[in-house]
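J.: Once you have looked at the hints, place chain E on chain V.
Here's the letter readout for the chains.
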Amino acid sequence: MMQPGLYHILFISTALFFIGVYGFLTRKNLVTMLMSIELVLNSVNLNFIAFNKYLWPHKMDGLFFTLFIIAIAAAEAAVAIAIIINLYRSHNSINVENAEELKY
Amino acid sequence: MPAIIYILIPFLPLAGFVLLGLFGKKYFKSASGWIGTLLMLVSFILAVYVAYDYFSATSIFPRNVPVKYTWLVFSENISIDMGVLQDPISMMMIVVVTFISLMVHIYSLGYMKGEERYPTYYSFLSLFTFSMLGLVLASNLFQTYIFWELVGVSSFLLIGYYYDKPSAVAAAKKAFIVTRFADLGFLIGILVIANTSDTLDYNTLIATLTSTGSEQASSAAASTFLGASALTWGTALIFIGGAGKSAMFPLHIWLPDAMEGPTPVSALIHAATMVVAGVYLVARLFPIFSINTPAVLDIVGWVGAISAVFAAIIACTQTDIKRILAYSTMSQIGYMMFALGVAGYGGESGLGYTASMFHLFTHAMFKALLFLGAGVVIHYVHSNDMKDMGGLRKKMPVTHITFLIACLAIAGIPPFAGFFSKEEILLAAYNGNTIIYWIALITSGLTAFYMFRLYFSIFWNKPYQADHHSGHKSEGGWIMLFPLLVLALGAAGSGFIPFGKYINTDGIPLESHFHLQFSILPVALGLAGIFMAMWLYKKQNNRPEKLAASLNGFYKAAYHKFYIDEIYLFVTKKIIFNLIGRPAAWFDKNVVDGLVNLAGNTTTAVSESIKKLQSGRIQQYAIYFLFGAIGLAILFIYIWK
Numbered sequence: 130m131m132q133p134g135l136y137h138i139l140f141i142s143t144a145l146f147f148i149g150v151y152g153f154l155t156r157k158n159l160v161t162m163l164m165s166i167e168l169v170l171n172s173v174n175l176n177f178i179a180f181n182k183y184l185w186p187h188k189m190d191g192l193f194f195t196l197f198i199i200a201i202a203a204a205e206a207a208v209a210i211a212i213i214i215n216l217y218r219s220h221n222s223i224n225v226e227n228a229e230e231l232k233y
Numbered sequence: 049m050p051a052i053i054y055i056l057i058p059f060l061p062l063a064g065f066v067l068l069g070l071f072g073k074k075y076f077k078s079a080s081g082w083i084g085t086l087l088m089l090v091s092f093i094l095a096v097y098v099a100y101d102y103f104s105a106t107s108i109f110p111r112n113v114p115v116k117y118t119w120l121v122f123s124e125n126i127s128i129d130m131g132v133l134q135d136p137i138s139m140m141m142i143v144v145v146t147f148i149s150l151m152v153h154i155y156s157l158g159y160m161k162g163e164e165r166y167p168t169y170y171s172f173l174s175l176f177t178f179s180m181l182g183l184v185l186a187s188n189l190f191q192t193y194i195f196w197e198l199v200g201v202s203s204f205l206l207i208g209y210y211y212d213k214p215s216a217v218a219a220a221k222k223a224f225i226v227t228r229f230a231d232l233g234f235l236i237g238i239l240v241i242a243n244t245s246d247t248l249d250y251n252t253l254i255a256t257l258t259s260t261g262s263e264q265a266s267s268a269a270a271s272t273f274l275g276a277s278a279l280t281w282g283t284a285l286i287f288i289g290g291a292g293k294s295a296m297f298p299l300h301i302w303l304p305d306a307m308e309g310p311t312p313v314s315a316l317i318h319a320a321t322m323v324v325a326g327v328y329l330v331a332r333l334f335p336i337f338s339i340n341t342p343a344v345l346d347i348v349g350w351v352g353a354i355s356a357v358f359a360a361i362i363a364c365t366q367t368d369i370k371r372i373l374a375y376s377t378m379s380q381i382g383y384m385m386f387a388l389g390v391a392g393y394g395g396e397s398g399l400g401y402t403a404s405m406f407h408l409f410t411h412a413m414f415k416a417l418l419f420l421g422a423g424v425v426i427h428y429v430h431s432n433d434m435k436d437m438g439g440l441r442k443k444m445p446v447t448h449i450t451f452l453i454a455c456l457a458i459a460g461i462p463p464f465a466g467f468f469s470k471e472e473i474l475l476a477a478y479n480g481n482t483i484i485y486w487i488a489l490i491t492s493g494l495t496a497f498y499m500f501r502l503y504f505s506i507f508w509n510k511p512y513q514a515d516h517h518s519g520h521k522s523e524g525g526w527i528m529l530f531p532l533l534v535l536a537l538g539a540a541g542s543g544f545i546p547f548g549k550y551i552n553t554d555g556i557p558l559e560s561h562f563h564l565q566f567s568i569l570p571v572a573l574g575l576a577g578i579f580m581a582m583w584l585y586k587k588q589n590n591r592p593e594k595l596a597a598s599l600n601g602f603y604k605a606a607y608h609k610f611y612i613d614e615i616y617l618f619v620t621k622k623i624i625f626n627l628i629g630r631p632a633a634w635f636d637k638n639v640v641d642g643l644v645n646l647a648g649n650t651t652t653a654v655s656e657s658i659k660k661l662q663s664g665r666i667q668q669y670a671i672y673f674l675f676g677a678i679g680l681a682i683l684f685i686y687i688w689k
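Protein chains in written order, with the working numbering: chain V, 130 to 233; chain E, 49 to 689.
I should point out that these hints are in silico values taken from the structure, not numbers from a laboratory. Here the structure is a predicted model, which means the values were calculated and not measured. Check the hints yourself; a few may be wrong.
[As the list claims (entries may be wrong)] Below are the DSS-like pairs computed for lysine-lysine, each with C-alpha atoms no more than 27 Å apart in a straight line:
{"no.": "1", "chain 1": "E", "residue 1": "K221", "chain 2": "E", "residue 2": "K73"}
{"no.": "2", "chain 1": "E", "residue 1": "K510", "chain 2": "E", "residue 2": "K442"}
{"no.": "3", "chain 1": "E", "residue 1": "K594", "chain 2": "E", "residue 2": "K604"}
{"no.": "4", "chain 1": "E", "residue 1": "K604", "chain 2": "E", "residue 2": "K622"}
{"no.": "5", "chain 1": "V", "residue 1": "K232", "chain 2": "E", "residue 2": "K660"}
{"no.": "6", "chain 1": "V", "residue 1": "K232", "chain 2": "E", "residue 2": "K659"}
{"no.": "7", "chain 1": "E", "residue 1": "K73", "chain 2": "E", "residue 2": "K161"}
{"no.": "8", "chain 1": "E", "residue 1": "K660", "chain 2": "V", "residue 2": "K157"}
{"no.": "9", "chain 1": "E", "residue 1": "K604", "chain 2": "E", "residue 2": "K621"}
{"no.": "10", "chain 1": "E", "residue 1": "K77", "chain 2": "E", "residue 2": "K213"}
{"no.": "11", "chain 1": "E", "residue 1": "K659", "chain 2": "V", "residue 2": "K157"}
{"no.": "12", "chain 1": "E", "residue 1": "K621", "chain 2": "E", "residue 2": "K609"}
Isolated chain V (complex conformation) (with noise of 0.2 Å):
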């Protein structure tokens, strides 16, 4: 069986960061949005953890920034949950389109 190489990991880490991309700019609901948003920030994980598993496998300098972003995306999460939250009390609706007017 093929060990899988770092390209084989840098692959599939662009193609989870186009799929956030992608999922953020075309999606309306915002829950699906954020869920974009944290594949987008795996992607990244993806990357640190496999450019510190090939290239510098004796530290843990890349394990440690990916324990700072999964933090990081938790509360992110949870903060912005909380403005789904209060939109959808505010409008009804968690449709991206709907925030439009709160622009100024």
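T.: The following block gives chain E in isolation, referenced to the frame of chain V:
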């Protein structure tokens, strides 16, 4: 003598001002008059003591500077000092100022009793006295200017004392603006003088400029501007300031209106002391005027002569008694001015200088008396208008007699004070300038006429009708009559002071000559004026109307003060406002404001046009961000390797 005495003379009234101004209203409302008067009394005693000490010490009177404090230093030689200059005229003036001020303080105890702002009145009066004393004692040209403005301010405050009366407010504003306008000339004059002579100190100034061959004198005479030397311009500009303060034609328009203030204030400021500041200023710089710029002295003479006769003619037609006195003041100050104008430096030709100061002294006595007497009359009648008066001689005997003495004094009837000083002025004019002499003679006849017109209209004419107001009917109590009596003494007797001995141009005592044949003409003219007034006004008759009708156009012009006020209004409202004011306002509104608005409007327009970028769609922003990031990545990776 310790310096503190000199300092105390002006500073006691200042203390009064501070004390009454800060605490008078709250703590000693009714006592404030007495406090002010008491401080003034001490100041007066000190002034007399200092003056007596000065005049009795020697027979030659030097120019001393017993107190001097260097305040602002501009350059090696030019500095603004605060000091006391002691010379015959300043010593004479402090006695006059403190004396008249004391009389007015005492008189006001009765006159202003029960006024709402009684402490404020006394504090302003004290402020004025302080400023005036500072002005006359100044040892430095700039110090004079500072106090000059201070007397202007206190005059403004006191004219506008009845600030709920629109006419009083307008008069205060007018007085302030007109004199301030003239003071601009004074300030420029000071700067020119300081520039050419390199000093502001009176002693140094006079010493360097008048000594022939000194560097400053020759350079000041050499540099010319528009055909006149710098020094000529300097003294002429300074004279403009003096003319404004002394209400000389054509800057006199504020003085009659200034009569809106309380009558004692008119007596103190607008008759006896402040308005003679212009004369005093010219006298203070007399050596420079006389030796360096005789041309300006000629102007002084002519302005004085024209003002004298001009005001006398107007005074003959007015009916407001205070306005008559105001024009009479202007006329008498005109006398002092042209006396200086015809005088020369040194010896016999300096008679005009002596005479001017002499007349200043006697005029302060009898004019203050006239105003205070008029104040008693106004207090009694509750009107300023001559038509409401008449037949008051039985009702107010003391005022009647003192007023008569003052009228005789101003008309120049011997042996009252005005006779001697006017005689000297006429003699000086006779020696100096024949045309001015004749103008002065005519004016002295007119003076006698209008003063006795006033006198007969108030105290004789028709019997007094006391129908339209009841209430207190007394002359105002001894507190108001006492100053009248004291001043009457001065008006009757001060002519016997040998002024020439003390005040002269070059320090050599001047014998006062008395020529019988010379004084016949003026006295005869004075008597003619009196009899004329008696014929017209002693009994009620229709002769004045007939006379007025026969002089129709001229009478009307004089009654309307020769339309000077209207000319001023025309020049300011029609010409200056339209030609300068409006275009300047247009420029400000359209160009200056326009530039500011343009900046604002541009910002608004630009932001309005780029506002659409802020669509509020998160995904749009994300696309911008994404393509921006990709663009930067391409930029850094492929282009800027």
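J.: Checking against the hints above, which ones are violated?
T.: none
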